[in-house]
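S.K.: Next come the chains, spelled out residue by residue.
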Amino acid sequence: GAVVSQHPSRVICKSGTSVKIECRSLDFQATTMFWYRQFPKKSLMLMATSNEGSKATYEQGVEKDKFLINHASLTLSTLTVTSAHPEDSSFYICSASQDNYGYTFGSGTRLTVV
Amino acid sequence: ILNVEQSPQSLHVQEGDSTNFTCSFPSSNFYALHWYRWETAKSPEALFVMTLNGDEKKKGRISATLNTKEGYSYLYIKGSQPEDSATYLCAFADMRFGAGTRLTVKP
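Line order of the protein sequences matches chains A and B.
Residue numbers for the first sequence follow our numbering, so the first one is 1 and each next one is one higher.
Residue numbers for the second sequence follow our numbering, so the first one is 1 and each next one is one higher.
Okay, chain A solo, but in the shape it has when bound (with noise of 0.2 Å):
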């Protein structure tokens, strides 16, 4: 089955300083990707939608100069928070799809801004 495999699965940052997490679909091509971010509590709500080789379609709200996503290869998106601060601290997640029918997610990245 399709396999997408996300990297780092926890990663601390300091205040200020930015961090790249990588979703990789393993043996499938992923014409689009997702990334959505956990808030306590709450669902998961979708950040952006990417599709390979084009700019990455932000949600209403969320900001595309913080967090920066680029999809340049059917088998990578990476999202980077810049300027990372402690109210970024969430979980994210991506998934990713090969045919727009199946959506594969991976395992997920906690990230904690001190």
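In short, the hints are calculated from the structure, not lab data.
There may be inaccurate statements among the hints.
[Stated by the list, open to error] With a cut-off of at most 27 Å between alpha-carbon atoms, the simulated BS3-like pairs for lysine-lysine come out as follows:
1) B:LYS58 <-> B:LYS69
2) B:LYS57 <-> B:LYS42
3) B:LYS42 <-> A:LYS64
4) B:LYS59 <-> B:LYS106
5) A:LYS64 <-> A:LYS41
6) A:LYS14 <-> A:LYS41
7) B:LYS42 <-> B:LYS58
8) A:LYS20 <-> A:LYS41
9) A:LYS42 <-> A:LYS14
10) A:LYS66 <-> A:LYS20
11) A:LYS14 <-> B:LYS42
12) B:LYS42 <-> B:LYS78
13) B:LYS106 <-> B:LYS58
14) A:LYS64 <-> A:LYS14
15) A:LYS42 <-> B:LYS42
16) A:LYS66 <-> B:LYS42
17) A:LYS20 <-> A:LYS55
18) A:LYS41 <-> B:LYS42
19) B:LYS69 <-> B:LYS42
20) B:LYS106 <-> A:LYS42
21) A:LYS64 <-> A:LYS42
22) A:LYS20 <-> A:LYS64
23) A:LYS20 <-> B:LYS59
24) B:LYS106 <-> A:LYS41
[To be verified] Stretch-level coverage of chain A by chain B, calculated; a stretch enters the list once three of its residues show a Cβ under 8 Å from a Cβ in chain B:
25) 41-54
26) 101-112
This one's a predicted model, so the numbers in the text were calculated from it and none came from an experiment.
Backbone N, C-alpha and C define an ideal beta-carbon position, used for all residues, glycine too.
Add chain B to chain A, keeping to what the hints say.
M.R.: Using the frame of chain A, we list chain B on its own:
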């Protein structure tokens, strides 16, 4: 309905009880509806992809139905077990999730 809505928000049942919950969605321009089982801070587990009006899918004790004309899908769990405790999410074709139904099954 403009977005995906789920009800109830939470549900507490006893082991062995059967239960069901609802996902409501815009009935126009339907493409697909996804059901996921999700434990917080873990990867959501895909349960079903529903595409056709009248679809009924089953996976073990869990089944789902779809009514695209009226814009709802039901998820049923027969004989709930403690390990079924999780949040059940539905997502429309745009992959925006509803708020989820948090199920707790008490032994």
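S.K.: Hint by hint, note whether the structure agrees.
M.R.: These are the hints, each one checked on the structure:
Pair hint B:LYS58 plus B:LYS69 holds up; C-alpha atoms about 21 Å apart against a cutoff of 27 Å. Between B:LYS57 and B:LYS42 the CA atoms are separated by roughly 24 Å; this keeps the pair inside 27 Å, and the hint holds. Straight-line distance between C-alpha atoms of B:LYS42 and A:LYS64 comes to about 25 Å, which keeps the hinted pair within the 27 Å bound. At most 27 Å may separate the alpha-carbon atoms for a hinted pair to count; B:LYS59 and B:LYS106 meet this at roughly 22 Å.
Taking the CA atoms of A:LYS64 and A:LYS41, the gap is about 24 Å. The hint holds against a cut of 27 Å. Between A:LYS14 and A:LYS41, the direct Cα distance comes to roughly 24 Å. Compliance with the 27 Å bound is thereby established for this hinted pair. The suggested pairing of B:LYS42 with B:LYS58 holds, with an alpha-carbon distance near 23 Å, which does not exceed 27 Å. This hinted pair checks out: A:LYS20 and A:LYS41 have alpha carbons roughly 24 Å apart, not beyond 27 Å.
Among the hinted pairs, A:LYS42 with A:LYS14 is consistent with the structure: their alpha-carbon atoms are about 25 Å apart, no more than 27 Å. Restraint check for A:LYS66 and A:LYS20: satisfied, since their Cα atoms lie roughly 12 Å apart, inside the 27 Å limit. At roughly 24 Å between alpha-carbon atoms, A:LYS14 and B:LYS42 fall within 27 Å of each other, so this suggested pair holds. Proposed proximity of B:LYS42 and B:LYS78 is supported: the alpha carbons are some 24 Å apart, at most 27 Å.
Note on B:LYS106 and B:LYS58: the hinted pairing holds, with a Cα-Cα distance of about 23 Å set against a maximum of 27 Å. A hinted pair counts as satisfied when its Cα atoms are at most 27 Å apart, and A:LYS64 with A:LYS14 qualifies at roughly 21 Å. Using a Cα cut-off of 27 Å, the hinted pair A:LYS42 and B:LYS42 holds, with the two alpha carbons roughly 14 Å apart. Taking the CA atoms of A:LYS66 and B:LYS42, the gap is near 24 Å; set against the 27 Å cutoff, the hint holds.
For the proposed pair A:LYS20 and A:LYS55, the alpha carbon gap of about 17 Å is at most 27 Å, so the pair holds. Among the hinted pairs, A:LYS41 with B:LYS42 is consistent with the structure: their alpha-carbon atoms are about 14 Å apart, no more than 27 Å. A hinted pair counts as satisfied when its Cα atoms are at most 27 Å apart, and B:LYS69 with B:LYS42 does not qualify at roughly 33 Å. Only pairs whose Cα atoms come within 27 Å are accepted, and B:LYS106 paired with A:LYS42 is accepted, the gap being roughly 22 Å.
Note on A:LYS64 and A:LYS42: the hinted pairing holds, with a Cα-Cα distance of about 22 Å set against a maximum of 27 Å. Under the criterion of a C-alpha separation no larger than 27 Å, the hint pairing A:LYS20 with A:LYS64 is consistent with the structure, at around 14 Å. Straight-line distance between C-alpha atoms of A:LYS20 and B:LYS59 comes to about 37 Å, which puts the hinted pair past the 27 Å bound. Restraint check for B:LYS106 and A:LYS41: satisfied, since their Cα atoms lie roughly 20 Å apart, inside the 27 Å limit.
For the region 41-54 of chain A, the stated coverage by chain B is satisfied: 6 residues place a CB nearer than 8 Å to a CB of that chain, which reaches the threshold of 3. Closer than 8 Å: that is the beta-carbon criterion, and the region 101-112 of chain A has 9 residues meeting it against chain B, so the requirement of 3 holds.
The structure fails to meet hints 19, 23 from the earlier list, while all remaining hints are met.
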